[in-house]
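Engineer: Below, each chain spelled out in residue letters.
There are 2 protein chains.
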Amino acid sequence: MRIAELSRSTGVPVPTIKYYLREGLLPPGELSSPNQATYTETHVHRLRLIRALLDVGRLSIAVIGELLAYLDQRDADPHQMLGKALAATERSKDRAEDGNLAAAEDEVVALIARRGWRIATDAPARHSVARAIAALRQLAADDLLSHIDDYADAAERIAVADLETVLHLTDRDAMVYGAVVGTIIGDSLMAGLRRLAQEDRSARAFDSVAGAGAAQGPAA
Amino acid sequence: MRIAELSRSTGVPVPTIKYYLREGLLPPGELSSPNQATYTETHVHRLRLIRALLDVGRLSIAVIGELLAYLDQRDADPHQMLGKALAATERSKDRAEDGNLAAAEDEVVALIARRGWRIATDAPARHSVARAIAALRQLAADDLLSHIDDYADAAERIAVADLETVLHLTDRDAMVYGAVVGTIIGDSLMAGLRRLAQEDRSARAFDSVAGAGAAQGPAA
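If you're matching them up, the sequences are chains A and B in order.
In this text, residue positions in the first sequence follow the numbering used here: the first is 1, and each later residue adds one.
In this text, residue positions in the second sequence follow the numbering used here: the first is 1, and each later residue adds one.
No wet-lab data here; the hints were simulated from the structure.
All values reported here derive from a predicted model rather than from experimental measurement.
Every residue, glycine too, gets a C-beta built ideally from N, C-alpha and C.
Check each hint, because a few of them may be wrong.
To be verified - Listed next, the stretches of chain A that the computed footprint assigns to chain B, with coverage defined by at least 3 CB atoms under 8 Å from CB atoms of chain B:
1) 23-31
2) 34-41
3) 99-107
4) 150-162
Claimed, not checked - Anything over 12 Å on all C-beta distances counts as not near chain B; from chain A, calculated:
5) A4
6) P15
7) R58
8) I61
9) A69
10) Q73
11) D77
12) W117
13) D142
14) L167
15) Y177
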């Protein structure tokens, strides 16, 4: 198909498609004449992936570029490959005050030991968790951290479901694709479910009228 | 304190502070002379909050502006106030194909009924969850949705911890502040914990060497 049709079938404007081509997010089409390229279903799928990572996953164009580069790369060990791809989605801007962050990193080490988690010493998620802990402390909103093992329990439950979803796949590429998309879009899914569950608890706690959609079911 | 000292104690450059002042994210200092304003600890705290929401919470300046406006507003009903503040953090860009999204919205209605959750009919989180579901279906990564009740279980567990953290507070402002910061920064905390738990499960599934930090504890 030509670029105009690619645009029609994905809803992405032609100038935006050209921008993704220039940034290398989208592989070039096949030249059918010096000025004309044709695109395939692969391009349609890739464009949808870019838009979902952008709109629902809230990733930046730069991060999406790195992530797609890992998805396109073939690697022998799915565990390593998955780790590298997801690492690209971690933000590593370091602006936190050092003292706070160092203390938070010690807390993450203690948490990992307490849970018996097998985690690489250089796993970027260690740093993400430490930054969130440091931010909560700095903002005096760290009461929440007295429940950190409840959050870790929930994370384990989520990870079990995540891995069950991908482990039955026999194709390694499909496994990594499923894990990456499921993790990024799944973060947005979880954030939404968390707000729904919060609203339910809050409505019950304050016995507030929750609108016409209120159900009668038992609290969890 | 003067703006230079405010900058030193927060690590935020003076031009950036001036930008936040212009955007109304930071309330103006008190004028001590026509060209000189003084700032207080309130400004220090507000600046740290802005930076955490930006760096750790990954919110945009526009969304942070809305959120702070709700935090500054005094409202009678903490449940309503909390709902409004968190609603500001939902993205409502609508680019999803309509058919997909309408079907996903029906799934959310069914999920809420199944869980017995009390949710306002116009709660923005309904839409966020629907968008994530629609994106997963469109990207053919919807195997994950066969475990959606596991994710909902995890969300309930998280919400119980979230609400326990704030419900014991007697000051309503403190309650709303704690809930908002805990939810936004807590999303990043959960995303990090999920990746750690995934890495642990993945390391066990593939029996991959997880680096020097590997622990011997039992799997969850």
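Engineer: Evaluate each hint against the coordinates.
Structural biologist: Each hint, compared with the structure:
For a cut-off of 8 Å, the count of residues in the stretch 23-31 of chain A with a CB near a CB of chain B stands at 0, and the three-residue condition is violated. Only residues whose C-beta sits within less than 8 Å of a C-beta in chain B count toward coverage, and the stretch 34-41 of chain A has 0 of them, not enough to reach three; the restraint is violated. Requiring three or more residues with a Cβ within less than 8 Å of a Cβ of chain B, the coverage given for the stretch 99-107 of chain A is violated, as only 0 such residues are present. Using a Cβ-Cβ cut-off of 8 Å, 13 residues of the stretch 150-162 of chain A lie near chain B, which meets the minimum of three, so the contact claim holds.
Separation of A4/A from chain B is adequate, the least Cβ-Cβ distance of about 18 Å exceeding the 12 Å criterion. At the 12 Å boundary, the C-beta of P15/A stays outside the reach of chain B, the nearest C-beta of that chain being 16 Å off. Distance check on R58/A: its Cβ comes as close as 6 Å (rounded) to a Cβ of chain B, failing to clear the 12 Å threshold; non-interface status is violated. The Cβ of I61/A sits about 14 Å from the closest Cβ of chain B, beyond the 12 Å cut-off, so the non-interface label holds.
Its beta-carbon lying about 18 Å from the closest one in chain B, A69/A satisfies the requirement of being farther than 12 Å from that chain. Residue placement check: Q73/A keeps its beta carbon more than 12 Å from all beta carbons of chain B (closest about 18 Å). A Cβ of chain B approaches the Cβ of D77/A within 12 Å, the least distance being about 7 Å, so the stated non-interface status is violated. With a least CB separation of 4 Å from chain B, W117/A falls inside the 12 Å interface cut-off, contrary to its annotation.
The claim that D142/A is not at the interface with chain B is violated, since a C-beta of that chain comes within 12 Å of its own (minimum 9 Å). Chain B draws L167/A into its interface by the beta-carbon criterion, the shortest separation being 6 Å against a cut-off of 12 Å. A cut-off of 12 Å between C-beta atoms contradicts the statement that Y177/A is not in contact with chain B; the least separation is 7 Å.
When held up to the earlier numbered hints, the structure conflicts with 1, 2, 3, 7, 11, 12, 13, 14, 15 and fits the remainder.
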